[in-house]
Each structure stands twice: as C-alpha cells, then as structure tokens.
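Chains as they are written, first to last, in our numbering: chain W, 1 to 259; chain H, 1001 to 1284; chain U, 2001 to 2389.
Possibly wrong hints are sitting among the right ones.
Derived BS3-like pairs (lysine-lysine); straight-line CA-CA distance at most 27 Å [stated by the list, open to error]:
hint, chain 1, residue 1, chain 2, residue 2
1, U, Lys2152, U, Lys2175
2, U, Lys2152, H, Lys1087
3, H, Lys1062, H, Lys1087
4, H, Lys1189, H, Lys1210
5, H, Lys1258, U, Lys2152
6, H, Lys1016, H, Lys1189
7, U, Lys2102, H, Lys1258
8, U, Lys2065, U, Lys2349
9, H, Lys1087, H, Lys1210
10, U, Lys2175, H, Lys1258
11, U, Lys2152, U, Lys2102
12, W, Lys59, W, Lys227
Hints listed in this document are in silico derivations from the structure and should not be mistaken for laboratory results. No experiment lies behind these values; they were computed from the predicted model shown.
Given next are the chains, with one letter for each unit.
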Amino acid sequence: MTPRNTPLLVAQGVTKYYGERLACRDVSFAIHPGEVIAVVGESGSGKTTLLALLSQRLKLSAGSVSYRQNGDLRDLDGLTEAERRRLQRTDWGFVHQDPREGLRMNVSAGANVGERLMATGWRHYGRIRNAAREWLTRVEIDETRIDDAPLSFSGGMRQRLQMAKNLVTHPRLVFMDEPTGGLDVSVQARLLDLIRALVADLGLAAIIVTHDLAVARLLSHRILVMKNGEVIEAGLTDRVLDDPREAYTQLLVSSVLAA
Amino acid sequence: MSAPSYNFAYLDEQTKRMIRRAILKAIAVPGYQVPFASREMPMPYGWGTGGVQITASIIGPKDVLKVIDQGSDDTTNAVSIRAFFAKVASVAVTTRTREADIIQTRHRIPETPLAEGQIIVFQVPIPEPLRFLEPRETETRLMHALEDYGPMHIKLYEDIARHGHIATTYAYPVRVAGRYLMDPSPTPKFDNPKMHISPALQLFGAGREKRIYAIPPNTEVVSLDFEDHPFEVQRFDRTCALCGAAGVYLDEVLTDDKGARMFVCSDTDHCECRQAAPRLAEGA
Amino acid sequence: MYVAVKGGEKAIAAAHEQLSRARRGDRAFAELELAQIREQLALAVARVMSEASLYDAELAALAIKQSRGDLIEAIFLARAYRTTLPRFGESLPIATERMTIKRRISACFKDMPGGQVLGPTFDYTHRLLGEMGKAADEENVASKPGVPASCKMPGVAHLESLASDATASCPRVAKLLGNEALIEEPPSPSHARPGDITREPLGFPAERDVRLQSLARGDEGFLLGLAYSTQRGFGRTHPFAGEIRFGNVEVEFEAPELGFSVPLGEIEVTECDMVNQFRGSANAPPQFTRGYGLVFGQSERKAMSMALVDRALRARELGEEITAPAQDEEFVLSHSDNVQATGFVEHLKLPHYVDFQAELFLLRQLRREWEERHAAVTATQQPSREAAE
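Here chain W stands alone, though its shape is the one from the complex (with noise of 0.2 Å):
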C-alpha cells in the first residue's frame, strides 16, 4: 500500500506545442492517493490537451509526467508500448465525454465491462459475468441489461456504463474528461452522486476536466484553473472557489454565481 503522503502521479513542466502554437505550458503538480484534481477552465484553455498529456495519450514537448509503481515513481516517457497499454487498462482508468469513444457500442454492456479482464488474461466466462453483473450494479444500471448494447442506453446509461468498463479492474487513477458534459441536469446530478460515492468507496485518485464549477466544487479537493495553456491558479477547491485570488478566477467565479 502506497502512503497517502506520497505523490502517486508527479507532473513536471508538461509542455505542449502544435507546430508554433503553445496548447499547454510548463504545468507542475503532484496528486496522492485518494486524491481529487479538478482541472477547469473555458474551453480552448487547454485542460483537454493536459489531461492526453497526463495520461499518455499524447506526447509531450516538454517535461515530464511519472507515476507510482512497485513503490517506484517512474518517468512515463521511459514505457514501451506495451507496458503503456497495460498501465491504462489495468491501473489507470480514462472517462470520455462522448462515451461512444470509450465504449464498444454495438459490443454488449457485460463484454463492455468484461474487455479489461479477459484483455488481461481471464479466461473463465461465468466468472467475467459475473464481475460485469456485480458492477452493472454498482454503477446502477439494471443486470437485465447486460446483453444490450449500448447503443440502446440512454446518455446518462451509457456514461455510467464508461465508469463501470474503467472501474474493473480497480485502478488507481482514473482521467475523466468532463464526464457530465452533454446530459441532463437531473441526469448530471444522479451521475456525480455516484461518481463521488465510487471515488470514496474505491480510494480512487481522479483527475477531472470540467468547465462547470459546481462539478468541481462537488467531487474535487483541489483546483487547477486554467488559461490559454497555463494554469494560473491552483490550490484548495473551498479556498480557490471562496477566496479567488486571480482576476480571471474571480471572473470565472463570479460568471457561475451570476448564471
């Protein structure tokens, strides 16, 4: 068992450049186990790219970003491929806006929840069935469900579905990219009920994008508030949302509470 005082993730400079244009610029932060980041800002500020960046699923051009393992904090930078594809799908988690680009829609909900198991080498069909019931359950979708696709979910189904497929297999660290983007304000709620309550039960580490402060008031512990590529404040959610040091934070702030 990791420490809770000792960093699980450690980024360093995390730079970013598109050909000439800066997405993303010297950003520096640690998160610990059990830990909740939210990372806001408007959109184009960059907090979509430094989350690819966080989670390997972009390169960096500058910088670094190393993570726990076996007791080791260990540069990202150094993983072959195929310990990158484990380290996603075993200990990471990653929550997509769009859950059709984390799901196998036309791919039943119990093989969507049993991919990461049997990818890493179960091999036992009842036993698989079972695991994808028992988190159907948990992320509160009905176990009569579990042979439909989710193509015939609803959008709150099927961002539910997203955690379940992520959750499985107990990761450390789960990415979610504005999770409740595009749903429903009732459907949002229910969602972030259950998000916060997985995060606690499970000790899960998370690092959330979101634009929408209230998301992050709810879930996260801390803050980083982004702009054009750079994170200009960071600190304690209740601290950061009250007390907003900068201008652009308080604007921010101040824009929610107006709306």
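Please arrange chains H and U on chain W, whose structure you already have, making use of the hints.
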C-alpha cells in the same frame, strides 16, 4: 504476335526464391504473417492466388499434386487450379490424399489423416484474425506484437451471451505454438483439431493481402475458448447418404423445391474410396 | 506557351477535328462496324446499357465507338440520348424466376434443383495472355454444328435422375431456404409506385426502391470498391453468393386500353441474390438477410457489388450500427453516379482564372503576415526558452 511462353510452374525463378524465403521465415515463426511481394497471377485475387504462388514455388517436376475446394476434387476452382499446374508444370496430379505430395486446398482439410512429408497449402482470403475487430493493419500488427489478444475473446463472449455457446463455425481463431493468434482460413472449425500436432507441414497463402504464414509439423494449435465453454467441433447426427461414413464433415444437398435434402461427404475422395471398398476404408 | 486569348472558337473547332482524326486512328485499318462491337465487345455494351439505363445494344455500340472505347463517356452519350426519349408507360416487373438460363450458380449448395450451370464465364480460365484468343479455335467452335455441350456441373448421383424429370425447373435458391424461414421474406409486392430517380431528385433518407435504382446505374468500379470494403471489415455483412443467374427474360407491357399484357421482347439480365448471415437485432430475428443486384446484360461483378452494397445500406432498417462508408446511404448514393462524378472531377479543367487570382492575392498577404509574426515571436521567445532549459 506470338504467344508468350512461361517458366516451369509459371513463376520466374527469382520470384520463387523470394516466396521460398518468406515461407522459411513463416516456418521459423509459426503463425506469424510474413508479408511477401505477391504477384499478379492468371486467376483473380480471392480465387487462390496465394495458395497457387506457394504451390508454384515449392513444386518440383516429380511431385504429385492434389487440389481440392470445399473438400472436393471436382469443384470448378479445384479443376481449374489442377489443370493450371498440369499445364504449366506438367506434374502428375491425383485425387487420392495418400498419393499426394502437395495438397492445395480451399476450406477443408482431408478426412484421411495427413502424413509426414506431405505439405498442405491453404488458400487464404483474409489472413488477419483480428481484422473484423480492427480494420487497420497498423493497429493489428501492433496487437500481434504486444500479444494484445483480449478483444478476440470479446467476440466469443458475445456469442455465448447471445446463443449460450460460441457461434463461430468457420475461420475459428487459433493460437499457434502458444504465441501468435492465427486465422486457419475459412475451414469449418470441424477441421481445427486436424491442425494440432499434424505430421504434415501446413502453409497458408493470401495473395491479395500479400501474406504467408505456416504451421511447422508437430506444432501445438489451440482453438480459442473459455475454461467453462471449451472448444467443440460440429457433430452430425447422421451419416453420409452415399458411403455411410460417420464422424466426417457433410454437405447438405437440396433435392427438390419442397425442402427435401440429403447429406453427403464433403471430402469426395474419402467418399469414393469408401464406396469402392467400404470394408477396406472402414478398417483404415 | 499558353496565352489566354479571345476567339478560342477556332482552337476549339480544330480540337474537335483532331478528336475526329484520333478517333478514326490509322486509316490503313478498316473502320469498326457497330455489329462487331455489339457482337465481340458484348460486355462493354452491357455495361453501357446498364449504367446508361437504356437497353439498346445498337446505340450502346455506337456510343462506345464514338467515345473511342471510353466507357464512362459512352454511358454519358447514351444517357444524354435517353433523356430525349418520350415515355409511353411502364413495363410489368420482369419475372427472373422464369428466366431462360444461360448461367446459374450458387456458392451455398453443391447441388440443388436445376443444378449449377456454368455458362459463358472467365471464372475457370487461366489468364494467360494469348492462350484463349486463338482465332482458329474460336472459328472451329463457332462453326461447330448442333447444340453446344452441356456446361451443367455433374451433381450428386440421386439428383441426376431427378433432373431428368419433367419438373426439372430452376427455383430460386433463396426460395429453397425460405421454406424453413431461415431467410427473410422478400419485400411483399407493393402497389405503391416505386420512385424514379430519373424523374425526381434523390432525397434522404432514401428507401430501398430508390437505392436499388441508384445502384443499378451506379459506377461499376465505385460499387466494386465499396463492396470490397465491406468484405475487408468496413461494414461487414457476412455474404454468401446465394445465387447468380444470367439469361433472357421477357418484357411485358400492359396497355390500359387492352386490359392484358403484351410481350415486347426479351432482354438479357444478370441477377444476384446475396445471402447474408445475420445474428438478429431488436427489430429482426436471427435469419439470413438478403442483398439484391440486377443489371442489363452479363455483368456478374456489377450485380454482386450491387447486392453487397444493397445489403450494407440496409443497416438502418436492420438496426445495425452505421460505421463504414458502404453503410452510409448519403455517401454511397451521392457519389455512385459516374456521369455526375466525371463531370465534377473533370470540371477542374475549366478555367478558374478569376478565383485563382483571388487566392494568389490572399496567399501573398497571409505569407507576409506570417513572416512578420514569426520574426516577432522568435525575437521575444528565444531567450526565455533557453532559460527554461
């Protein structure tokens, strides 16, 4: 204009050497798809150009060739390919499995067990077993390199979830020598067990997709399955209407437009041998 | 040197004259007769008739000759002529189950009532250049008296005896499967008037009648590529060639004032019934589904491609996920017409001087701005980047 003339077995010797090198590599890495510079052949892609190129590259003047399609020596494609080699290589041809040195086949492995020294050449349309999960070649090659075969089980899982059993009936994927996932070509899964520890050399050629792969003699070939849903072959609850054989693969033949039908051996040579000398074949 | 001048009419007239000369080729050789094209390039004629939607071998031969063998140009010529023809009515649907069979094969069953009739085909030939074109042989064959030898495959012994019965007919293979409800029913005959893409603009979503019409006149190469893509995993349909038949069918016309139908004559068609594996969906039980192809003359490649694409385009109706180009009806139907396609692609040869001049102007401006900005950025950023490292 005078008609062009052609080399022994159609292909020029340099091309044959190139293909033989690919075959040797394929044998050295069982189940791995070796890319090769497939040539235009005088039959269309999808009609066995891969198999024909392999056969043309390994056949010698003294070899005896058998060609089957759907188990039969007398189907159009089998007749055509056999005639091709009789013409361009002047080799002896046979329909008897036991007499053949090289057996080129489409969709079946003969019922008569193959022997040491024989080579069976499979015609392959789509060599990539992962193709229908992932259409892109760059990605499937990476999946092979990383032994990333989990997605293949998704398909089998879906079959069981929907039908209670695995519903893949032909081109049933196998693991060769514990490493590469391989498509056995569209043979019925009935024939999969014949590939396992076969004394014969098994070569697979895909002309259009430009791949050659191989199973060396006495190599382990395991059909994918789940521990609680083990691999099973088709079982026919009847015997051949012509020779009475049991435990062989049968073709369904429609006999009228009222739904009447009969079942006969898919392997015509096996069937004819049994009809000619039923007792002899029974003893074999 | 290329100088844009007015009075290009002269140049155009001269170009046309050169075309005429080029079309005729060396006058030392005899000019092609239409009958030669019709008889000896029958498959080219069939393609022109199909994709022009005009069954007239003589006119198609003329179009091929006039277009110097450029078949898309020939199709264009025949279509342009077709639009000028008055329409005096619609024939009855042709009854392909009563076809006079010249070729009929099934890849699903080794043998079935009516048997496998190989007919005239390249399929079992070896593509050895010069080997099959031996004129002497063909003269011999052509001048052979009597009925040509049977090209029916020997069937299973029991069936041979049945085939000699008076009932030896050629029922559709799909119908044989239909007896067990293993295959979907053909769409029930509808009295709704089928759409007509030559009279009404194509709209989306398009129903199957309109889709099939578009495919029937669609470009053979384009449909072939799409059909091929479905086989390689981009919208897979698990096809089996249930049946391909080629032969003559009678065209009948029912004149309203007569009250009964009158035969107008016979046409040659190729029909393809694809049988596709289907695992079932919320809307449909597991059963074989079908894709359909029908073209004028003998063109199995086109009929099969059409059937594969027809089935792929039924994804919406069958509740399948639409992921591949061949399943996207807007993509397929909007791009399958080669007369439209060649027109638009080749229109790039038309002058675009004015637009191009505007682009030139813009590009120069953009480059100037980029260089200014770049110079400014490198001037300010260079030191700070070094400091960061």
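To see whether the hints hold, each was checked on the structure:
1. For the proposed pair Lys2152/U and Lys2175/U, the alpha carbon gap of about 21 Å is at most 27 Å, so the pair holds.
2. Simply put, Lys2152/U and Lys1087/H have alpha-carbon atoms about 24 Å apart, close enough for the 27 Å limit, and the pair holds.
3. Annotation: proposed proximity of Lys1062/H to Lys1087/H holds, straight-line Cα distance about 14 Å (limit 27 Å).
4. A C-alpha spacing of about 24 Å is found between Lys1189/H and Lys1210/H, which places the hinted pair at or below 27 Å, so the restraint holds.
5. Note on Lys1258/H and Lys2152/U: the hinted pairing holds, with a Cα-Cα distance of about 22 Å set against a maximum of 27 Å.
6. A distance of roughly 32 Å separates the Cα atoms of Lys1016/H and Lys1189/H; the hinted pair therefore is violated under the 27 Å criterion.
7. Proposed proximity of Lys2102/U and Lys1258/H is supported: the alpha carbons are some 24 Å apart, at most 27 Å.
8. Straight-line distance between C-alpha atoms of Lys2065/U and Lys2349/U comes to about 24 Å, which keeps the hinted pair within the 27 Å bound.
9. A distance of roughly 25 Å separates the Cα atoms of Lys1087/H and Lys1210/H; the hinted pair therefore holds under the 27 Å criterion.
10. About 10 Å separates the Cα atoms of Lys2175/U and Lys1258/H, which keeps this hinted pair within 27 Å; it holds.
11. Proposed proximity of Lys2152/U and Lys2102/U is supported: the alpha carbons are some 10 Å apart, at most 27 Å.
12. The straight-line distance between the Cα atoms of Lys59/W and Lys227/W is roughly 21 Å, inside the 27 Å bound, and the hint therefore holds.
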